[in-house]
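All chains, full assembly: derive it from the sequences and hints.
For the sequence shown, the residue numbers in this note's numbering are 140 to 674.
One should not assume that every hint holds.
Label-pair restraints from in silico Cβ distances [unchecked claim]:
id, residue 1, residue 2, range
1, G440, I319, 31 to 37 angstroms
2, V337, W289, 25 to 31 angstroms
3, W253, L589, 45 to 51 angstroms
4, W629, V604, 31 to 37 angstroms
5, R211, R498, 42 to 48 angstroms
6, I215, V405, 48 to 54 angstroms
7, Q550, V618, 17 to 23 angstroms
8, L147, R211, 53 to 59 angstroms
In short, the hints are calculated from the structure, not lab data.
Think of the CB as a built atom: it goes at the ideal place given N, C-alpha and C, for glycine as much as any other residue.
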Amino acid sequence: MKFQRPRLRVAQSRSAFADGNSRWTNLDLDPVPLHRRKWGPLSFIAYWISDAFNAATWQFASSILAVGLSWREALIIVAISFFIMSFVIAGNGAVGAIYHIPFPVIARASWGFWGSYIAIISRVILALFWFAIQNVNGGNAVRVMIGAIWPSFLKIKNEIPESQGITTNEMVGYLIFWIIQLPFMCIHPNKVRWLFVVKTVLVPISWIAILIWAFVAEGGGTMFEEKATVSGSKYSWVFLASMTSVLGNYATLSVNQSDFSRYSRVTAKWQMLYIPMLPIVFTFISFIGISASSAGYARYGGSIPWDPLTLISHWSSRACRFFVGFSFVLASLGVNISANSISAANDLMSLFPAYINLRRGQVICAIISWALVPWKILESADSFMNFMSAYAIFLGPIAAIMLFDFWVLKQRKYNTLALYQPNNPVYRYSGWGVNWRAVVGFLVGVAPSLPGLINSVNSSIPVGVGIHPYQFGWLLGFVATAVVYVGLSWVFPARESIIERAVMAEEIYDERETVEGVETVSEEIFDNTHEKTKV
140 MKFQRPRLRV AQSRSAFADG NSRWTNLDLD PVPLHRRKWG PLSFIAYWIS
190 DAFNAATWQF ASSILAVGLS WREALIIVAI SFFIMSFVIA GNGAVGAIYH
240 IPFPVIARAS WGFWGSYIAI ISRVILALFW FAIQNVNGGN AVRVMIGAIW
290 PSFLKIKNEI PESQGITTNE MVGYLIFWII QLPFMCIHPN KVRWLFVVKT
340 VLVPISWIAI LIWAFVAEGG GTMFEEKATV SGSKYSWVFL ASMTSVLGNY
390 ATLSVNQSDF SRYSRVTAKW QMLYIPMLPI VFTFISFIGI SASSAGYARY
440 GGSIPWDPLT LISHWSSRAC RFFVGFSFVL ASLGVNISAN SISAANDLMS
490 LFPAYINLRR GQVICAIISW ALVPWKILES ADSFMNFMSA YAIFLGPIAA
540 IMLFDFWVLK QRKYNTLALY QPNNPVYRYS GWGVNWRAVV GFLVGVAPSL
590 PGLINSVNSS IPVGVGIHPY QFGWLLGFVA TAVVYVGLSW VFPARESIIE
640 RAVMAEEIYD ERETVEGVET VSEEIFDNTH EKTKV
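Encoded structure:
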């Protein structure tokens with residue numbers, strides 16, 4: 140058999156939307172055609188319930204107790220945060236459900252072709268970090284499962300230096316989980332939705348059992364007697380910092396929910412379901428985490444076990460440890476696919492569409508995650524909260540720009556074809572391909588939080604009161620960016636991007652021609668479409 144050298148370029152048919160330039164799209168970035176839209180209401184409900192049931196949701200809720208607030212404040216923070224976030228997720232997710240395009244392409248409408256790289260790179264860096272963190276959670280769950288079968292595994296001599304923040308058996312669990320999830324990264328999102336359905340059935344059963352244990356074993360522990368240990372102005376700043384951390388946990392999907400809503404076969408109105416659903420689901424899961432952590436603290440002593448896998452490691456029943464550990468493996472697997480690897484793959488694909496498709500992007504994400512040493516981020520409640528705050532300050536401004544661009548400035552009218560063709564003047568923004576209004580808005584939203592971010596990374600650098608904007612960085616960045624971006628766009632309007640009617644993907648698919656077996660868009664269609672969308 141003749142040996143063939145591996146191809147670096149993606150082997151696929153030519154994009155239906157490219158104007159002869161593969162720099163900006165491939166088939167995985169193209170709008171999803173009608174016959175490939177498989178996600179219905181059940182898929183989206185399962186997706187979000189699946190996404191909510193993960194170790195991170197437990198951790199950020201119970202870690203609020205660890206930094207000095209009570210269970211009441213913790214639940215209030217979670218409910219308010221997800222009520223706010225649900226509007227942003229629904230608003231940006233509706234764009235994908237209407238136009239069936241992913242986040243990197245949508246970003247071109249507000250940022251311009253080259254300007255969109257600011258949003259894309261910011262998002263992909265954070266997606267890679269969060270993917271790696273979920274690997275740690277999944278790896279620790281694998282470690283618990285193996286330890287339940289072979290208790291001697293937990294006593295393996297640690298050959299890794301203590302300064303690295305991970306032990307030998309934890310590294311083994313991390314590796315096994317990493318290998319387990321690789322095959323799932325080769326499954327198309329239309330098929331992987333069934334993983335979310337399975338997780339939605341199995342994981343909640345396990346977690347409700349943990350809640351029952353918490354009240355049967357210790358009556359919920361001392362949760363109902365606990366009061367906040369911080370007061371005065373410190374209380375206010377801790378409250379805001381905790382809210383920023385919770386917002387940061389799902390600030391990613393507030394930006395790129397369209398990576399999944401693009402597969403919707405139902406109208407965009409179904410995205411509005413998130414507004415009542417998300418606060419209820421996430422607050423309930425947080426209640427489980429707080430109750431179980433409190434019960435564990437009362438029963439086993441020591442510090443509050445805000446990490447659920449630390450809690451179940453105290454259980455005497457090996458069968459319970461195994462099956463609950465399995466639920467956390469499934470939880471981490473589902474959220475890593477749904478919120479991180481596919482999103483990171485879309486971002487990487489938009490940067491290098493000729494070389495990266497959806498499958499390659501997910502595998503690259505998995506490989507890079509090793510270099511990010513995520514176990515150091517999860518060493519303590521404080522470091523976890525700091526990471527989540529840092530996570531939020533960049534994504535709040537990006538979410539604001541995309542949300543207000545679509546609903547306020549562009550009046551829900553995008554030219555789908557122009558989003559794929561940089562020679563089309565609609566989104567070239569004065570020929571530079573960068574919407575300076577979005578860049579200025581982004582900088583205004585991020586800049587106030589930078590001193591606090593620096594201090595969180597290196598506490599020896601004093602910033603004084605400069606720490607406070609960072610403590611409510613998502614809200615500050617979102618509001619400041621929205622005001623500046625909308626204001627600049629009204630005073631200095633980008634008239635070429637304001638179109639009379641929307642151009643949908645269906646129009647392009649219906650009008651495209653087939654030439655020598657290769658699907659392409661004719662120059663005539665290009666010209667006609669542009670004429671239709673002039674002001």
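Results of checking the hints against the structure:
1. G440 / I319: 31 to 37 angstroms: Distance hint for G440, I319 holds at roughly 34 angstroms.
2. V337 / W289: 25 to 31 angstroms: 27 angstroms, holds
3. W253 / L589: 45 to 51 angstroms: 24 angstroms, violated
4. W629 / V604: 31 to 37 angstroms: Roughly 32 angstroms apart at Cβ, these two residues keep to the hinted range, so it holds.
5. R211 / R498: 42 to 48 angstroms: 46 angstroms Cβ-Cβ, so the 42 to 48 angstroms window holds.
6. I215 / V405: 48 to 54 angstroms: 33 angstroms, violated
7. Q550 / V618: 17 to 23 angstroms: Since Q550 and V618 have Cβ atoms about 22 angstroms apart, the given range 17 to 23 angstroms holds.
8. L147 / R211: 53 to 59 angstroms: 56 angstroms Cβ-Cβ, so the 53 to 59 angstroms window holds.
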